[in-house]
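**Student:** Starting from the given sequences, assemble the full structure and let the hints guide the process.
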Amino acid sequence: MAWESLKSGSTRFASLPLVIAGPILRKVDSNSVTVWLALSKDLTDVNLDIYDSINKTFLSNEVVFTGNTKPFKLGNNLYVVVITAKALTGSSLVLEDAKTYHYKVTFNSSTYINKTLSDPGILSPSGGMGMICYGAELLPSFSLPPSSDLGKLNIVHGSCRKPHGGRFDALACLGKLIEPNINNPLERPHQLFLTGDQIYADDVSSMLLFLLIDAYDALLGNQEIPPKDIAEVSPDLLNYPNPGERAELVKKGGLSAEGIGGSHLMALGEFYAMYLFVWSDVLWPGDDDFPSNSLVSSIKASDYKKEVETLIQFKNTLVNVRKALANIPTFMMCDDHEITDDWFLNFDWTNRALNNKLGKRIIQNGLTAFTLFQAWANTPDRFDLPVSNLNPQTEGGQFLSQLEKLRDNPAENIDQTTSPFDNWKLLGNIIVPTINHNSTGSYLTGGLEYAFSLNFPLYQVIIFDTRNRREFPPVKQGKSNGKPAGLISVQSLNQQLVSKLSEKQASNKFTLVVSPAPIIGHPVIEEIVQPGLTMAIDAINFLRTVKNSSYTKTETGSENTDREGWVFNRKVFQNLLYQLSKFDKVVILSGDVHYAFSCKVDYWDRRTLPVKKASFVQLVSSSLKNEDSKTIFNAIRVSRIAENELLRKTPYAGWSTAGKHIKVDYTNNGIFLPNRLNKVPAIKKIINPSKVMILNTPDWRYRIQFINDGRVDSDRGVEAIALTEIPNSGIRKGKRDLITEQKIAVGRNNLGQISFDFSTPQKEEVVHNIWYNSSLKEPNSSNKFNNFTKHRVLIASPLNIDPISPNEEQWKNFDYGFPD
71 MAWESLKSGS TRFASLPLVI AGPILRKVDS NSVTVWLALS KDLTDVNLDI YDSINKTFLS
131 NEVVFTGNTK PFKLGNNLYV VVITAKALTG SSLVLEDAKT YHYKVTFNSS TYINKTLSDP
191 GILSPSGGMG MICYGAELLP SFSLPPSSDL GKLNIVHGSC RKPHGGRFDA LACLGKLIEP
251 NINNPLERPH QLFLTGDQIY ADDVSSMLLF LLIDAYDALL GNQEIPPKDI AEVSPDLLNY
311 PNPGERAELV KKGGLSAEGI GGSHLMALGE FYAMYLFVWS DVLWPGDDDF PSNSLVSSIK
371 ASDYKKEVET LIQFKNTLVN VRKALANIPT FMMCDDHEIT DDWFLNFDWT NRALNNKLGK
431 RIIQNGLTAF TLFQAWANTP DRFDLPVSNL NPQTEGGQFL SQLEKLRDNP AENIDQTTSP
491 FDNWKLLGNI IVPTINHNST GSYLTGGLEY AFSLNFPLYQ VIIFDTRNRR EFPPVKQGKS
551 NGKPAGLISV QSLNQQLVSK LSEKQASNKF TLVVSPAPII GHPVIEEIVQ PGLTMAIDAI
611 NFLRTVKNSS YTKTETGSEN TDREGWVFNR KVFQNLLYQL SKFDKVVILS GDVHYAFSCK
671 VDYWDRRTLP VKKASFVQLV SSSLKNEDSK TIFNAIRVSR IAENELLRKT PYAGWSTAGK
731 HIKVDYTNNG IFLPNRLNKV PAIKKIINPS KVMILNTPDW RYRIQFINDG RVDSDRGVEA
791 IALTEIPNSG IRKGKRDLIT EQKIAVGRNN LGQISFDFST PQKEEVVHNI WYNSSLKEPN
851 SSNKFNNFTK HRVLIASPLN IDPISPNEEQ WKNFDYGFPD
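Everything in the sequence shown is counted per the working numbering, starting at 71 for the first residue and increasing by one.
Everything labelled a hint here was simulated from the structure, so no lab data went into it. Backbone N, C-alpha and C fix where the C-beta goes; we use that ideal spot for every residue, glycine too. Warning: the hint list may mix true and false statements.
[Stated by the list, open to error] Derived lysine to any residue pairs resembling SDA-like cross-links, with alpha carbons at most 20 Å apart:
#, residue 1, residue 2
1, K854, V782
2, K749, M763
3, K143, A72
4, K682, W725
5, K430, E318
6, K174, A206
7, K754, Y648
8, K430, S364
9, K111, N147
10, K143, R477
[Stated by the list, open to error] The following label-pair restraints were derived from C-beta to C-beta distances:
#, residue 1, residue 2, range
11, D115, N506, 38 to 44 Å
12, G79, S577, 57 to 63 Å
13, N254, D451, 28 to 34 Å
14, S196, F703, 58 to 64 Å
15, K370, S577, 45 to 51 Å
**Tutor:** See below:
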């Protein structure tokens, strides 16, 4: 066999099925069910029926919800369907827990008359449901979260999935959790939260980009022309560069993808194609049909075989990914890699990129694809379904309407006095945020609203947008501003979080918050490694500038070290903790950092009485597929450092004003010297309470505890794997030690599974099972995929002080009482 293009007229193109990606089960609650699909052909309509069929007969009188829509055209041969089913007209029926529901999608056109997913030519040439159904199931299915027994709630989460990332794709193992309980509505996973980096737009294999370009040309029917009048980038840029040749252009576009940007996605069709390639194997060539090295010349001959083999391994697991995503309600939020590395990192980065026509176009294209492939199905009501009757008063409708105009007339018109006005710019005005200024700094506003919330009987869900609503510290006019951004501005946090307090139901046991970037990072990395490295890089850049006035720095220290965690902006971080405390018990899901861990925050606030107490449990799962030696090293480093009790269990005290709030024994001789805290709010990390004397009563206090898997190796399954798999005793011991050390943090590709035990008020426990493949011998096998690390976290907040009339001395000398 040999490489054959997918372009129109080819044998490959002619053999494409109707559905090229999906169905993906998206937003599901008691009142609606939303499904996402991508099609290769236009249709008159698509219908979605939800069945409550105990005997799986799927009769017409067993349909409880239904919906109908028309595909939305993205190109000549690419259509997206976001279809929502609701109760039948005149019915007040709602979906219930403890039931398994099934769904059927029906397609209609002059060619396809009442065709379903099982018919030949729909999912595959021969037909059948094996691609999206488990076992003998006739239709894909789902179950709602429990309404009364929190102990039955089963949630899965993950992030950071790069096709050419190392080892086995953990998302491909999701079916191992679904299939055994496919007919047990109280045991199967109820929801999947993908918390960021569902695609990598900046770090792309050159071979994969070659395939994406070929696919998007076939699907859209045209090649995007880069923005005109960008002489600062290239005066004669007629086409985007070939795979492997884009790094310099990315840099000139004001973006930062140092060392990895050679195959950065640029054209809108490339972003579209990437989603299709990571969610389905339909558009991929066969194992023996990849392009030769001569066609993708940017790949070194010595790297060609490995790069292709890595992509083949990823492609061949997509059948598992596709089947899983068809059978579990899924919610998604972007992080930076959907667009570009460090997207909106700080003011300097944001101002530079948004004022660069090429940089802004790439951001716009990434946001457009994210909206169509992820955000739309999170909040389908924001997009005026059905698409055939758009309401321009809704922001989603405005976006879709303008995208239609761009699709039909993509040419750019620089002369703004004539009509039609530049459709690229008009779309950007709708979807790309802009920088606004006030007396306290700058902040992002405009664009679409992506943050959203949901409510289920036992818990509330709040999903943050931490990219498009940032705020930046003030800076003198004309000066650079690389200070860390606040991930959500004060104004936007009121909308994304504070306003949701009134929506909390009496039956809610906790609030589930999704923050793509962890709210609590590891203190050694965030407080020592990243700040130190940032200062060092900035100092080196300064010295090079002094030595050579023509020297141009490639990246600032903040950009190089990705210094954009919540904690780096003190005001925003402390305000977030305070606002979260109003929700009492909070479970936070995050990703981003490429290792998995769990931690707990106990928070007390006495600014108003009675003393407010709250608990936050943060669960991080990262990455699904981006493992390498660095992720393993970071996880082991975090685990080893966190074994130190003084670092694993860290108390903090906070004051609303600056001042001499404490004395510190610096020399360990019992002599305490005044220590002025100059920043506002004033925060003191009290690693060793015996060395700190608190003078002024703190306004709030909190403690952070990193969770350890307390099980012995035999209970974790470590010993059995290490002893039976590898004959060499030395390697065997090293293998066992490697797994054993990942009891606090996990650097393998992983998937997080969450369950709850709230059986008694004294034992309200969150359980975080971290699933990963421990095998050295079979690194690309799902057979060794297990929950080798398990974290159990008590969410209750002890308070050893009178909340109504707290004794001042007690509050100053607070008994933190860390649980083991």
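**Student:** Now, for every hint given, state plainly whether the structure supports it.
**Tutor:** Hint check:
1. Under the criterion of a C-alpha separation no larger than 20 Å, the hint pairing K854 with V782 is consistent with the structure, at around 19 Å.
2. For the given pair, K749 sits about 19 Å from M763 by alpha-carbon distance, which is consistent with the 20 Å threshold.
3. The hinted pair formed by K143 and A72 fails the criterion: a straight-line CA distance of about 32 Å is larger than 20 Å.
4. A C-alpha spacing of about 15 Å is found between K682 and W725, which places the hinted pair at or below 20 Å, so the restraint holds.
5. Restraint check for K430 and E318: satisfied, since their Cα atoms lie roughly 16 Å apart, inside the 20 Å limit.
6. Pair hint K174 plus A206 holds up; C-alpha atoms about 16 Å apart against a cutoff of 20 Å.
7. A hinted pair counts as satisfied when its Cα atoms are at most 20 Å apart, and K754 with Y648 qualifies at roughly 16 Å.
8. Between the alpha carbons of K430 and S364 the distance comes to roughly 33 Å, so the proposed pair goes past 20 Å and is violated.
9. In summary, the hint linking K111 to N147 is supported, as the alpha carbons are separated by about 6 Å, within the 20 Å threshold.
10. The suggested pairing of K143 with R477 holds, with an alpha-carbon distance near 8 Å, which does not exceed 20 Å.
11. The given range of 38 to 44 Å is respected by D115 and N506, whose C-beta atoms sit roughly 42 Å from each other.
12. For G79 and S577, the hinted distance range of 57 to 63 Å is satisfied, since their beta carbons lie about 58 Å from each other.
13. As the Cβ distance of N254 to D451 is approximately 31 Å, the hint placing it in 28 to 34 Å holds.
14. The beta-carbon spacing between S196 and F703, approximately 47 Å, falls outside the hinted interval of 58 to 64 Å.
15. At roughly 59 Å, the beta-carbon separation of K370 and S577 lies outside the given 45 to 51 Å, and the hint is violated.
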